[in-house]
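Student: Each chain, written out:
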Amino acid sequence: MTEKKIELIKRICGIALSVLIVLTGICFITVCLKIYGSGSSPFTVESISRGFSSIAAVVWICVAAILLRGAFGLIFPDSEKKLRADKDDERTLRGLMARYTVKEGTDAAGEVNALRKKRGLIKLVTSIICVICALLPLPWALNTDRYTLEALTGNRVIIETVILVAAFTAVALAACAVAVVLMGRSRSRELAVIKAALASGDAVKLDPSVNQTEAAENAEARETAAEKGRASVLRAPKAVINWCSEHVGAVRIAVLAVGVVFLVLGTLNGGMGDVLHKAIKICTECIGLG
Amino acid sequence: MKIKQWWDNHKPSKRRLIQLYAALLFNANLKGFGNGRIYTGPLKNICTPGLNCYSCPGASGACPLGALQNALGASNTRAPYYVIGIIMLYGLLLGRWICGFLCPFGLIQELLHKIPTPKLKKNRFTRVFSWLKYVILVLFVVILPLMYALRKVPLPAFCKYICPAGTLEGAMGLLSNKLNEDMLGMLGPLFTWKFLLLVCFVVACVFIYRFFCRFFCPLGALYGLFNRICFFGIKLDKPRCTDCGLCVSKCKMDIRHVGDHECISCGECISVCPTKAISWKGSKIFLAPDELGGEIAVSGTDMTEKKELGSSAKHETASSEAIEKKYATRRLAVKATAIALSAVLLISALVYYNFIDKAPEAEQPDEPDIGVGEGDGGGGSEDSGQVREGYRVGTKMYSADIPLINGSGELGSIMNTAEHEGKILIVNFWGIWCTPCIQELPHFDRIASEYKDSVTVLAIHSDYTDKDIPYDWIAEYYPETDMNFGHDVGDSYYSKLGGRDSYPMTLIADENGIVILRETGSITYEELKAAVDSALAKSASGAEQ
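Taken in order, these protein sequences are the chains called A and B.
Letter by letter, the first sequence follows residues 1 to 290 of the working numbering.
Letter by letter, the second sequence follows residues 1001 to 1545 of the working numbering.
Bear in mind the hints are in silico, worked out from the structure with no lab data behind them.
Please note: incorrect hints may appear among the correct ones.
Stretch-level coverage of chain A by chain B, calculated; a stretch enters the list once three of its residues show a Cβ under 8 Å from a Cβ in chain B [unchecked claim]:
1. 25-38
2. 89-95
3. 110-118
4. 154-168
5. 185-191
6. 275-282
Heads up, incomplete: computed chain A residues facing chain B, CB under 10 Å, no partners named [what the hints assert, rightly or not]:
7. Ile-6
8. Leu-8
9. Arg-11
10. Ile-21
11. Ser-53
12. Trp-60
13. Asp-78
14. Tyr-100
15. Glu-150
The beta carbon of each residue, even a glycine, is placed where N, CA and C say it ideally should be.
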């Protein structure tokens, strides 16, 4: 059997197995819903046995399919595929800018700067949207008047809070997804501009082995230009992260000290006992018994 | 040859062996799977580093995420220093190496992913979606438990509504044991929701690598914050890095670069780096001279002294060989010590939990003979002499002296449960840390006020020590009630009445003290009313006769 045929068979088996697994999952869900809908105190040994024995055939077929596919893999092992780096415009750009620089004053340089400013703006707008989505539900969620004993124990508070936060989270995630698409297009465009500049001679190669000082100065100048393009609200957290990266030892010592102090305080104030007291009881709601 | 090739491709790696070891160590209470009980000993105040539900019968320690939510839920009484301190220390020491090597649920996800189906690869959108776990961390682990804590109602929101580890390890582990059949009556809408969620996670894990880890796990989100500063894990040697991107391509997590907050330090990228820029933190003391490319680190306990290899002169070649041999011996010694210590730890844990530990399990009395009127609520007074004491339906309820808590939130008189014959007695075991218990207390309060003359309701709080008695809570929420509040230090009466670590539990005895209802789990107002009405009707018809 040729390798192509083997690969084709493996692919077909994989798709068939996927369908079987999804079907098995759907069967489990259907049986559980059926048992739950069958009346009060629906879950008994009899109802569960009856329900799951009705899908036993599907489950066994799925298990058999997995084992068969495994046996097929034993007879025709997977060949080692050469690892290739995924296409990543951001990484390609980084690599190009480390080796080349676009001449100032050219159309290409103007377009590159405009694209970078646009990306900075996209990041800023997305950050603002995420912050707004995080802050907007807070006054409602933190309004303690809503939290009466009856409301809390009746699940209404949970459902309302989750729906509200889910809505804002969906907006934030959607904004991030749109930003990812727009940033990707901007990087692709910048890559195309730089490649065109290279072809037309508007970009020159940096030679770090001959002129390391100039390369370092250029790199610093590019970084400064990029920093200016970044809004100050984005610069501050990056500065904190950079400081932490440079002073890892100090941060570690600080966190270690705080952790040990908290541990000791927690042991003294009875927190350890709280953990034990809860852990030795079956948390029925945690495991869904309710 | 093919078998050898298959074995080479599929043999368990060191990481897999460590994962299996950790799963066994954190679930060392194997006898729990046999007797259907969870471990209740003192070692459960230690949190395991990974996601491992403490309601799993085998769990040997507490889950850090569950402990954090409960600690935040109790933050109105004391600050959650202990759990936060433990998580900080785990994060600082190991970071997300815990996810890659120690988390039992991570192991389960990886094993599911090995099923040979087409896989969904990571992309820009999965990276955006990976931020969802931070939203879940903030909302379900921090905000909701804290807001509920303001009203002194405990709510481990993530555990209750999302965590699949609890459903798989806890629920399936307990319910699969025949001895826990009575727990099936507690299953309802919550279990249905969690089971559906579990099935979705399991199916998704087959197609998407570590689906739960990447997008939903708040513990991974927490540990990821420590990845840059943790002592153990993956590091990148930036001067050597050529930004080829092979490490990012090899990695199945949503990393931007090696060692960021998404990196679980599995080490798969180390072998693909062409310039060997990726290594384990702290590995310099083990590296052979040639792997350092001209530099070696000597005697790496507190100080390192770098020596450069010189030219290929004979005496320098001889000394480098000697140094290489020394490092090989050191590596072997450290590995052997680590393996020996790990084996000793595991064997000790298994022996301790399964043979030595005499953790205070419920000292339940022997199953009593069922007396007259088995299952039908007891008979008349001439039968009561034949009825044995017990806790099952049809037996005469075991009696005890219960200290009461009065409406001002102080200790009051003692109530003996046998002294209320002539009235129907409802005994409910509850805990302030138990949300379903708090949810159903109003039903008992209502019954107590509606049937004041014919029913006595006794709500007994479970205390680990005297300091756990919820005086303030009772004074705030039930200052004027027809219910009696009592407390039971060490669960002695609870165990006597057949309690097996799960709350709430309700028993109802008729006027003769015969048990007519015993329910583990939540009970509705309608069920209570039906049982009381039935007992009253029988007693009325008995009186007429």
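Student: For every hint, state whether the structure bears it out.
Tutor: Here is what the structure says about each hint:
For the segment 25-38 of chain A, the stated coverage by chain B holds: 6 residues have a C-beta nearer than 8 Å to a C-beta of that chain, and at least 3 were required. Given as covered by chain B, the segment 89-95 of chain A passes the check, having 3 residues with a CB less than 8 Å from a CB of that chain where 3 are the minimum. Closer than 8 Å: that is the beta-carbon criterion, and the segment 110-118 of chain A has 0 residues meeting it against chain B, so the requirement of 3 is violated. Coverage of the segment 154-168 of chain A by chain B holds [criterion: at least 3 residues with CB-CB distance below 8 Å; count 6].
As drawn, the segment 185-191 of chain A meets chain B at 0 residues by the rule of a beta-carbon pair under 8 Å; below three, the given contact is violated. For the segment 275-282 of chain A, the stated coverage by chain B is satisfied: 8 residues place a CB nearer than 8 Å to a CB of that chain, which reaches the threshold of 3. Hint status for Ile-6 (chain A): violated, given a least beta-carbon distance of 12 Å to chain B, over 10 Å. Checking Leu-8 (chain A) against chain B by beta carbon gives a least distance of about 13 Å; that is not within 10 Å, so the hint is violated.
At its closest, the beta carbon of Arg-11 (chain A) sits 8 Å from a beta carbon of chain B; the interface hint therefore holds under the 10 Å criterion. Because the beta carbon of Ile-21 (chain A) sits about 6 Å from the nearest beta carbon in chain B, less than 10 Å, this interface hint is met. At a threshold of 10 Å, the smallest CB-CB gap from Ser-53 (chain A) to chain B is about 16 Å, leaving the interface hint violated. At about 16 Å, the closest approach between the beta carbon of Trp-60 (chain A) and any beta carbon in chain B exceeds 10 Å, and the interface hint on this residue is violated.
Hint status for Asp-78 (chain A) relative to chain B: holds, with the closest Cβ pair at about 7 Å, below 10 Å. Among the interface hints, the one on Tyr-100 (chain A) is violated; its C-beta lies about 15 Å from the nearest C-beta in chain B, farther than the 10 Å criterion. With a least beta-carbon distance of about 8 Å to chain B, the hint placing Glu-150 (chain A) at the interface is held under the 10 Å criterion.
In summary, the structure is inconsistent with hints 3, 5, 7, 8, 11, 12 and 14 from the numbered list given earlier, while agreeing with the others.
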